[in-house]
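Chains as they are written, first to last, in numbering that gives the first Met the number 0: chain A, 0 to 668; chain B, 0 to 668.
Each hint should be verified, as a subset may be incorrect.
Note: identical chains are not told apart, hence a pair may lie in one copy or across any two.
Listed below are the simulated BS3-like cross-link pairs for lysine-lysine, each with C-alpha atoms no more than 30 Å apart in a straight line [as the list claims (entries may be wrong)]:
| id | residue 1 | residue 2 |
| --- | --- | --- |
| 1 | K282 | K219 |
| 2 | K114 | K332 |
| 3 | K282 | K224 |
| 4 | K449 | K566 |
| 5 | K421 | K97 |
| 6 | K109 | K347 |
| 7 | K114 | K346 |
Hints were generated in silico from the structure; no laboratory data involved.
Everything numeric in this text was worked out from a predicted model, so none of it was measured.
2 protein chains.
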Amino acid sequence: MSRNTTELFSEIAGRSRVVVENITPQVDAGRFPIKRVVGDSVAVEADVFGDGHDIVAAALLHRFGDGGEWHHSVMRPLVNDRWTGEFPVDQVGEYQYKIAGWVDRFGTWKRDLAKRIAAGQDVAVELLVGADLVHAAVETAQGRDREYLAEWDHRLRGDRARQQPREIAESEELSSLMSRWHRPVATSESRTLTATVDRPLASFSAWYEMFPRSAGKNGKHGTLKDVEARLPYVASMGFDVLYIPPIHPVGRAHRKGRNNAEQAVPDDVGSPWGIGSEDGGHKSIHPSLGTMDDFQSLVRTAQGHGLELALDIAFQCSPDHPYVREHPEWFRKRPDGTIQYAENPPKKYQDIYPLDFETDAWESLWQELKSIFLFWIDRGIRIFRVDNPHTKPLPFWEWVIGEIRRDHPDVLFLAEAFTRPKIMYRLAKAGFSQSYTYFAWRDTKWELTKYFTDLTQTSLREFFRPNLWPNTPDILPESLQFGGRPVFMTRLVLAATLAGNYGIYGPPFEHGWSIPREPGSEEYLNSEKYQLHQHDLERPDSLKDFIARVNEIRRGSPALAHRGVLKFHEAENEQVICYSRTAPDQSDIVLVVVNLDPHHRQSAWVTLPMEELGLPIDRPYQMHDLLTDARYLWHGNRNYIELEPASGPAHIFRIRRRSRSERDFEYYL
Amino acid sequence: MSRNTTELFSEIAGRSRVVVENITPQVDAGRFPIKRVVGDSVAVEADVFGDGHDIVAAALLHRFGDGGEWHHSVMRPLVNDRWTGEFPVDQVGEYQYKIAGWVDRFGTWKRDLAKRIAAGQDVAVELLVGADLVHAAVETAQGRDREYLAEWDHRLRGDRARQQPREIAESEELSSLMSRWHRPVATSESRTLTATVDRPLASFSAWYEMFPRSAGKNGKHGTLKDVEARLPYVASMGFDVLYIPPIHPVGRAHRKGRNNAEQAVPDDVGSPWGIGSEDGGHKSIHPSLGTMDDFQSLVRTAQGHGLELALDIAFQCSPDHPYVREHPEWFRKRPDGTIQYAENPPKKYQDIYPLDFETDAWESLWQELKSIFLFWIDRGIRIFRVDNPHTKPLPFWEWVIGEIRRDHPDVLFLAEAFTRPKIMYRLAKAGFSQSYTYFAWRDTKWELTKYFTDLTQTSLREFFRPNLWPNTPDILPESLQFGGRPVFMTRLVLAATLAGNYGIYGPPFEHGWSIPREPGSEEYLNSEKYQLHQHDLERPDSLKDFIARVNEIRRGSPALAHRGVLKFHEAENEQVICYSRTAPDQSDIVLVVVNLDPHHRQSAWVTLPMEELGLPIDRPYQMHDLLTDARYLWHGNRNYIELEPASGPAHIFRIRRRSRSERDFEYYL
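Please construct the entire structure, taking both the sequences and the accompanying hints into account.
Below you can see the structure in the form of structure tokens.
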């Protein structure tokens, strides 16, 4: 037998009559924590019930960390034996929560007493039953309560109680005293569940990615100092996070040339992801970019601009990486004595040596990789964008993120995994704070509706935090190749409003780069991955002001923050998508309407759920377009929308539910 | 931190790269076993995936008990990283199952080799990589395989391999050898899950309930011998289980009279559920019913008629029960020194003393209750119908059923809990083999469709086995009070065909008893619970032949056995319900059509999913009504049905998909 029933016998404490099950939220039966950010509250539900007709009570217990005191809060019954409660989270780190249930013998007695009195029964003995319960509570009570309870004990045994039992059955004071001091015969507790609580940036952030080496002037290799000079530009667009690709020395062996040419010419700078040379590896800075002092200066100055620097962590090595020489045991050897380079047969990537996670020396490898994170944490970094985590073992991520966050719970990890959905979700469960998504390839209304409904309405929302990128250095999606400026605007609006986290790769995004290396490719022509580029930030066609406006709208809208609930609405045109985001307290509602066709004017009748959005049926309400500052009066649940790609392919409306009428003027009455 | 990451470090074995998650079936993350019967197979699915591009493999492991050897079977990938496998269960008891996943390094090598060859690459070094894998397998291999593998090792290192690598890449022999002997670097295993396997009767049974004391003649108190004489009658109707209410001595104190009168008159026999008198308690037989020898004779004779006797277990006592005197610690005392009788305030049941499961002496109480089951098991009983289990603690049931089944895995338990759904489901999880349902109150098409869809299409089916009763001694539902004979026929057909287990309380059912104690009540007038009744089994209006026919149909139909899949079909009339049951191998399909209106003829167009049922689009097919033996030719997916309550309110069709036409005759061609 798998369940040792003898064990069960002693384990369950025979008098625990209440069952707690089906707790939400939880991830894989508590195998992984749920995720929240500081300022959230965790709404917990469970099925709680017992045998027979006795009244059951339940409490939600929570604590910070795993050693502190448990805080209790009362749970309320909903319907069908479902109970609910919540607790706030206000510190970064891990919280624990569990549910306790018990038979409320005093409450049952009080309920039954009232029924007996109503039926005209003699309750003399029942009053003594109650007195015995109160007497037991006296034993546990402290302070004045002890005296009060002793008085009640006495009162319940007296003549007056028998003459006026209703007073006792209805006494709030007695109930309140007993709720504090009555100890149940036995309590049943659920298993303990965990919530990882991050700082708010984990759930609400706008990222900007740029290549430091492209930040130079006059054709020179850019430096960290140049990036520092670029900070005001990035900050002016309203971003929170500046993410830079790897800044380590770049390998020479098999270095790739421009446009991924197999042979580099002498001037070619190589891919920043070909990490490691005689100048150092993952803990070094490329000499052309500057010094560690420059780096720390950049981190500090960025903070002054309200920007946080995110580093790229790519666990792979160029053949010149010091690890190859110092730790050959971390790489796989081929029978001819060479080291196994990266492959996706028949493709070969001879400029990259993957780490061999199946090595006997896996423990020292894991420790070294962990030390890379710690190295940059010591230098002020608190956000890591992890390159291709899905090509390293999932147990490694669970371990390393757990290790780092134990001492540095404010550190955030973004998983750059574009792979099969279950692997992406498992990475998020394993501890990644944010995740790249399929957003770049979700263009149509049906695709967007389906995908974002899945991400926000299923249990995924408990652990998977989407970060939406319309482009990356690796991904110039087809939609951006053919739609011109309008599609850049609509993809930005969608990315910025469908979820809490989004990012762009600039300046190619704000400059509308749209030419692929070859037809059908999603690689940029003359990609910055393999060469420098110097960008004219003042190009008149730059989208920077539009981006700044969108980010300003985001920051000013509680509805667009991570807790804003997403809901899609009917728009009678497949090219027009319409959705709302609603702040949990309903104080802010934003309605986004986007023309997904970058070439033609599209119109649609849009239908809104009036009651749900708290909109008046009988009066007009105001739609305030935060992009253009235009205001429209709408009426009823169906209204007409028309969007011209060239002038404005999207609305971001704030719904102003209260529109004034003549009745609002004093002289009207 | 709740997860001790240092522990994780050692626990996970750093080189296990494969993840196994989301296994189905399982109940509450493995907290409870799934249920099956002998002859079933358990189809298991899981998400299995790893990092990177390597090929992953998975195996389903199962064993009987918890100490035996694990049997491995290969799992097949479906889509989206979902894998499937199955194992047969052919013994009564508990099975364990789990899933193992690993990186298939040899398979990956072979796949990549083929790609390299196709791309015209030099594979000399790759062949040596493969040779090293084979070499390692030689070390583990035994017998002739070892020699064969050694040959392959040699061959892979030779000139011929370099000249004809495709032969190797395509070799089935090598793959087959390696599948047996190649050992992965590391294997990931899921947690172990459990399946409770019962004998088939647990899932497919027809129950008949009767009061032994009503089996007498000439007004005399019936005896177990009279029941023995009644066996041919019960068997002739085709039942499997004969269930009798408690046969123990009946208490005298506060005994209830006829029709639940508060005062019994001297001749009143009392309720069989008022258990215990000076003649004994739960391990004794009422002297008027006979002796223990009579009981064992009844058990044996029933077996000869293909009937199994089910006993009623009601854990409650009359004030005269020996326990009250011998074990006052198992009852709750009131402050006036009396023992607490059963109550549902303001109602009092002074003829019943409930056991106090919150007593300090709960362990001795639990052991005694367990001994009651064992007592009757020793006397040949293997089925218990447990009275009101929802008024005793759920942990007690989990313990006692586990204890009993450890030594007697063939014992079955039916939970008589008519209470809130989550409690009923928890009782089933805790170990009850079958459960009463809300069937008695599900009359309309919408109710029946919703309820049986929930029971058969959700995870409930893994642990909750419905047993459908159109009536019980406690329940004369309103539908039976007003519908006359047709409603008895339709309720029987529904009960017998909607699920694997059903039962009736007779002879009142076959005799169409329909008069309640008072209007609005669901109690029988002159209920057998409080008085004797002697039934004329040969009443001309008896439904016994109809019942026999229905049970015969059930026994002869694989589709109506427990594995037959239930599906509702469209019938364009709210009074007509239509559903099919399909055997897993599609060898048998039964279509049931019932007129739910007992008063009027109803007709409907019925729509069938032709492809799903394997029905021909272009030719007629035959509908064979197993109730009347009539045959109809149907054509296409829509056909007309008309049901007259008085003559035949239901069809039970066997669908004969192959209907002969002129083309089936030799001379046609």
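Each hint, compared with the structure:
For a Cα distance limit of 30 Å, the shortest separation of K282 from K219 inside one copy, 24 Å, qualifies, whereas the shortest one across copies, 98 Å, does not. Within a single copy, K114 and K332 get their C-alpha atoms only as close as 82 Å, which misses the 30 Å cut-off; across copies the closest is 21 Å, which meets it. For the homomeric pair K282 and K224, the shortest alpha-carbon distance inside one copy (19 Å) is at most 30 Å, but the shortest distance between copies (91 Å) is not. Proximity of K449 to K566 under the C-alpha cut-off of 30 Å is found in both arrangements, the shortest distances being 11 Å within a copy and 28 Å between copies.
Both within a single protomer and between protomers do K421 and K97 lie at most 30 Å apart by alpha-carbon distance, with minima of 28 Å and 20 Å respectively. Proximity of K109 and K347 under a CA criterion of 30 Å is satisfied inter-copy only: 17 Å between copies versus 78 Å inside one chain copy. Taking CA atoms no more than 30 Å apart as the test, K114 paired with K346 passes between copies only; the shortest distance there is 9 Å, against 80 Å inside one copy.
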